[in-house]
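Residue numbers (numbering that gives the first Met the number 0), protein chains in the order written: chain C, 0 to 250; chain G, 0 to 286; chain W, 0 to 283.
In case anyone wonders, no lab produced these hints; they're calculated from the structure.
Treat each hint with caution, since some may be false.
What the hints assert, rightly or not - Derived Cβ-Cβ restraints for the label pairs, each shown as a range:
no.	chain 1	residue 1	chain 2	residue 2	range
1	G	Thr142	C	Ala83	57 to 65 Å
2	G	Glu151	W	Val100	14 to 22 Å
3	W	Ser177	C	Ala83	49 to 57 Å
4	W	Phe227	C	Ala83	26 to 34 Å
All residues carry an ideal CB built from backbone N, CA and C; glycine is no exception.
So the chains spell out like this:
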Amino acid sequence: MSSQSVLDVVQLHKSFVLHNIDGRRVDALTGVDLHVNVGEHVALAGSSGAGKSSLLKCIYRTYTPTSGDVILTDTDGTRLALSALGEREMVMVRGRRLGYVSQFLRAQPRRTPMDIVTAAGILRGTDVTTARVLAMEALDRLRLDKGLWDVHTSVLSGGERQRVNLAAGTISPPRLLLLDEPVSALDPANRTAALDVIADLSAQGVAVLSVFHDLEAMERLASRIVVMRDGRIESDGPPIEILSTLRAVAR
Amino acid sequence: MSTVRDLVATRRDNAVMDAGAVRAIRRAILTAIAVPGYQVPFGSREMPVARGWGSGGLQVTMALVGSADVVKVIDQGDDEGVNAVNLRRLILRASGATETDDVSESTIVQTRHRIPEAGMVDGQILVLQVPEPEPLRGVERDTRELERMHAEADYAKMWVSLYEDRVRNGMITRTTGYPCVVAGRYVISTTPIPRWDVPALHRAPYLALFGAGRAKRIYAIPPDTTVEPMTFEDVPFEVEFTPGARCRHCGSDDSYLVSTPREEGGETWACSDTSWCRARRHQRGAQ
Amino acid sequence: MTNITPVAPTLAVVGLGHAYGGIDDTTIAETGPAAGTSKHARTGTVVAAWDVSFDVAGGEALGVIGESGSGKSTVMKSIAGDIMPTTGRVTLQRGDGTTAVITEMSPAEIRALRVNDLSIVHQNPADGLDLRITAGGNIADRLTAAGWRNFAAIRERAAELLTRTEVPLDRMDDPVGSFSGGMRQRVQLAKALANTPSVVLLDEPTTGLDASIAAGVLDLIRGLLDEFGLAAVVVSHDFSVIEMLTQRCVVMQHGRVVEHGLTDQLLEDPAHPYSQRLVGAARA
Numbered sequence: 000m001s002s003q004s005v006l007d008v009v010q011l012h013k014s015f016v017l018h019n020i021d022g023r024r025v026d027a028l029t030g031v032d033l034h035v036n037v038g039e040h041v042a043l044a045g046s047s048g049a050g051k052s053s054l055l056k057c058i059y060r061t062y063t064p065t066s067g068d069v070i071l072t073d074t075d076g077t078r079l080a081l082s083a084l085g086e087r088e089m090v091m092v093r094g095r096r097l098g099y100v101s102q103f104l105r106a107q108p109r110r111t112p113m114d115i116v117t118a119a120g121i122l123r124g125t126d127v128t129t130a131r132v133l134a135m136e137a138l139d140r141l142r143l144d145k146g147l148w149d150v151h152t153s154v155l156s157g158g159e160r161q162r163v164n165l166a167a168g169t170i171s172p173p174r175l176l177l178l179d180e181p182v183s184a185l186d187p188a189n190r191t192a193a194l195d196v197i198a199d200l201s202a203q204g205v206a207v208l209s210v211f212h213d214l215e216a217m218e219r220l221a222s223r224i225v226v227m228r229d230g231r232i233e234s235d236g237p238p239i240e241i242l243s244t245l246r247a248v249a250r
Numbered sequence: 000m001s002t003v004r005d006l007v008a009t010r011r012d013n014a015v016m017d018a019g020a021v022r023a024i025r026r027a028i029l030t031a032i033a034v035p036g037y038q039v040p041f042g043s044r045e046m047p048v049a050r051g052w053g054s055g056g057l058q059v060t061m062a063l064v065g066s067a068d069v070v071k072v073i074d075q076g077d078d079e080g081v082n083a084v085n086l087r088r089l090i091l092r093a094s095g096a097t098e099t100d101d102v103s104e105s106t107i108v109q110t111r112h113r114i115p116e117a118g119m120v121d122g123q124i125l126v127l128q129v130p131e132p133e134p135l136r137g138v139e140r141d142t143r144e145l146e147r148m149h150a151e152a153d154y155a156k157m158w159v160s161l162y163e164d165r166v167r168n169g170m171i172t173r174t175t176g177y178p179c180v181v182a183g184r185y186v187i188s189t190t191p192i193p194r195w196d197v198p199a200l201h202r203a204p205y206l207a208l209f210g211a212g213r214a215k216r217i218y219a220i221p222p223d224t225t226v227e228p229m230t231f232e233d234v235p236f237e238v239e240f241t242p243g244a245r246c247r248h249c250g251s252d253d254s255y256l257v258s259t260p261r262e263e264g265g266e267t268w269a270c271s272d273t274s275w276c277r278a279r280r281h282q283r284g285a286q
Numbered sequence: 000m001t002n003i004t005p006v007a008p009t010l011a012v013v014g015l016g017h018a019y020g021g022i023d024d025t026t027i028a029e030t031g032p033a034a035g036t037s038k039h040a041r042t043g044t045v046v047a048a049w050d051v052s053f054d055v056a057g058g059e060a061l062g063v064i065g066e067s068g069s070g071k072s073t074v075m076k077s078i079a080g081d082i083m084p085t086t087g088r089v090t091l092q093r094g095d096g097t098t099a100v101i102t103e104m105s106p107a108e109i110r111a112l113r114v115n116d117l118s119i120v121h122q123n124p125a126d127g128l129d130l131r132i133t134a135g136g137n138i139a140d141r142l143t144a145a146g147w148r149n150f151a152a153i154r155e156r157a158a159e160l161l162t163r164t165e166v167p168l169d170r171m172d173d174p175v176g177s178f179s180g181g182m183r184q185r186v187q188l189a190k191a192l193a194n195t196p197s198v199v200l201l202d203e204p205t206t207g208l209d210a211s212i213a214a215g216v217l218d219l220i221r222g223l224l225d226e227f228g229l230a231a232v233v234v235s236h237d238f239s240v241i242e243m244l245t246q247r248c249v250v251m252q253h254g255r256v257v258e259h260g261l262t263d264q265l266l267e268d269p270a271h272p273y274s275q276r277l278v279g280a281a282r283a
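Pulled out of the complex, with its shape left as it was, chain C reads as follows (with noise of 0.2 Å):
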């Protein structure tokens, strides 16, 4: 891979072997190869069940890979082999290198979304001042309505909430992001302010390996389309040749 790598997928395997089901395996990822690079925007695609969220959560290890190689490339072109990397370490990788934006806010209900967003970027070595003018910015971007910025999130709808999540996972952003489904609740409005962020994100260098259930996000961000298929990529390439493809699929 170049020296621009910033995520090389090798060989990847996720079986889950379900022990209270008579043992039974069940394969989610079966030999994946990938490579992301400094500023580019991979969006995988595929039906449900493709392997697409497993590979995320492998990279990001909410799932453990059962064999293959996850490497992170950081800025001084350190490897981090993030699958055979300890717990604590992983924990330090999640702060600052790599981030992970569900569909879903995952947050104590008591907290306010400045508060969210604003510790996403202190974990991510922004200084408090700092982070705090960046999480306003961020909520400001993302049409968050100014009276919500200091309620609790508990009050919030679906759509603010997914917003407030997608503040805290690009504010100070990561070298890589891993994006599940970021903006499926947001109307149009919103949506479209959501993925002028995402963007963003690309111009600023960070990698981006994202899941979106539509194809107009992915024509939106996306340098190279991967297809998945049975836990394995079945095509990879630039997003006019892919897409269209997928159209005359869906069609």
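Assemble the complex: chain C is given as a structure, and chains G and W must be docked to it using the hints.
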């Protein structure tokens, strides 16, 4: 009877205690002097007075006293209190010592509830009758835990009780037996003297011995030992004081006064230390 | 710069084991998850915990999950110095940079450690508080034990801590026995933080509280862990507590650690049959 050498010296039986008992109590006293403020267990004997009536103080005095001693015994500051009279009679008969009500003449002063107003000097011994020697009794019941707290100088619970007292009552309400730190180490109960007398114990020139007959404990404050009332830095230790109160006999307003209700209402005050009061009156009469 | 060398752990548990009764190779081999019990059939020895190792750094919270009898209490008691384990070593980095070897300390040293460096928040507030004395008095207990002697300063510090743990200041001079369960837990937290310890053990800190009250207390704990940079060990049978408070955890069964991992990984991809059963039951 004034030095450790005297204590170590042998002494024959007296009519109340045999030589063995005297030796055992002296041993406890010597230990108590060596570890100021530490409650030394001793084998409390049956005394001709009931436990709780000064048997601890009596045993300490009987272990010390000889025919050459001059003994003063007071109860609540009064040489003529019933308990004082009985104990004094017993001590004199058993030891052949002579009696006095003048502090300056005495070699041993046995007391309940008071320290004589007239200052005592180096060489004299103050023996206090103690009903409850354990200063932490109010904050901890478990005996082993009490021992541990003393052993580790862990007095946090006492501090908390002082904190609570002040929070709930706006002041420290504890009157007698105020807890004090002896020689910067052990907390003792200055039982049962009033707060008024506590400052007198600090760096006192004489030996103070505390005897508790029922609890079988002896503790000591050797001469010139620091005795610091437990109090917060910003909450000064205060002694009892009633503005305007004066002794109706001698006119004193700087001695420990006790009040008596008047038939017509209100109260009158008098010195608790009767011999000191009498001496003051004579002095003033002579002038 | 790439530096993912973690800071030195504040609390380290190494090869901890505790057995009630005699042990030899067979007692260890014939107890544990594989044997399905921590009690040795032939000798009756109970291997309450064996071969338990983990560490926690400042600013980090580690969860210990397990049912009753899993050995988590034994591990907690060993860290707290309440029991002297049969084998293994527990060390704690004090705030002043010195190292305390808890498994080699005298009871008096343990007590001093518990005043200054190691706090425990008990499931039952009555175990950590004197319910007869005031909220302020309970905090004063910790402060005076650490040498505080200024009444005004003690009041100020107690008020500061109670404010931080969201106890109304007009309750500061009320006996803790008059408080609700959630409020008692907040006082316990205030007391635990009084002398800014480097390690705090949270033993089922919200079990027994109503769900809505528990959520508030959990939220408070989460904030305090972040703010004070404490190394925390959270013992709980409740996954929502573990999920909210910890980044890493260990799962214990029959006295052994059967699985350890990142908390989200243990909840979403548990590998050990027992972990899978626990998670399955919790998610059901």
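Report task. Find the hints from earlier in the document that the structure breaks and name them by number, from lowest to highest. Result -> Violated: none.
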